[in-house]
Amino acid sequence: MQKFVVAITGASGSAYAVRLLDVLMATGNEVHLTISPAAVKVFQEELGIEIRINDFSLEQLKPLRTPNSSALQLAASGDLPTGRLIYHHYQDYSAGIASGSFLTSGMVVCPCSMGTLASLANGISTNLIHRAADVHLKERRKLIVVPRETPLGSIQLQNMKTLADAGAVILAAMPGFYHQPKTIQDLVDFVVARICDQLGVKADLMKRWGNPPAEENSQAAKPDAGFHLRGERLA
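Heads up, the sequence shown is in full-length UniProt numbering, so the first residue is 1 and it goes up one at a time.
No lab work stands behind these hints: they were computed from the structure.
Every value quoted in this text rests on a predicted model; they were computed, and no experiment measured them.
Incorrect hints may appear among the rest.
Calculated cross-link-like contacts (lysine-lysine; reagent style BS3-like; alpha-carbon spacing at most 27 angstroms) [to be verified]: (1) K138 x K161; (2) K182 x K202; (3) K182 x K161; (4) K138 x K3; (5) K161 x K142; (6) K3 x K142; (7) K41 x K138; (8) K3 x K202; (9) K142 x K182.
Just the calculated beta-carbon pair ranges, DEER-fashion [to be verified]: (10) Q180 x I86: 31 to 39 angstroms; (11) G96 x N211: 36 to 44 angstroms; (12) K182 x Q2: 17 to 25 angstroms; (13) S101 x A164: 20 to 28 angstroms; (14) N211 x M1: 38 to 46 angstroms; (15) G200 x K41: 17 to 25 angstroms; (16) I49 x A166: 28 to 36 angstroms; (17) Q91 x E45: 17 to 25 angstroms; (18) K182 x K161: 30 to 38 angstroms; (19) I86 x G123: 33 to 41 angstroms; (20) Q180 x S99: 21 to 29 angstroms; (21) N211 x N122: 26 to 34 angstroms; (22) N211 x D92: 17 to 25 angstroms; (23) G200 x N54: 16 to 24 angstroms.
Think of the CB as a built atom: it goes at the ideal place given N, C-alpha and C, for glycine as much as any other residue.
Please take these sequences and the hints and turn them into a complete structure.
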């Protein structure tokens, strides 16, 4: 079981975060989750659910579940073996993830707001998300930031360069189209698959360039969709 930190901030793209959590849990990992107040508002606007950061439980994500999708739901119910999720309040500096002595296999900030990006690039630590990311940089551990913003100004681009120079992976939420996506789920899975690649988590979420047809069409290892979006068909 690998141990990862997932931080959700106030950028658009909460579906990426939910799907990432679902896949990391479904593949049997220990996930340390922290959520910013701005992310709560985005969750409500984009996915129609209420996240209570002062009283968080996995039950709050259940409205996102489809009948055959269960990683987070099963973790809440204890029905089947799955990964482990530990929640940390964004102001809790006593959490293990605030220390370099707490070993992890990597951290993902998904989605990453431009405000959070600026704080990380300039070493400004005002909450647990900033501190945990700073720890991963100083300890030379994998830090992946997933910005979802357009257009980008020179300040945002410079902040990304600063973070990349410090060792972070800038994995912009830019889905590809060569896999011929048919649903919003396909677009989300493309980005989450690229995150999992960086984390070393094996999850068959998308058609990969150059794969033979038999491998492309195999869905045996693909975790069930972790959420349902109204009107998700693109066609």
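Violated hints - listed by number, lowest first: The structure breaks hints 3, 7, 9, 12, 14, 15, 19, 20, 21, 22, 23; every other hint is satisfied.
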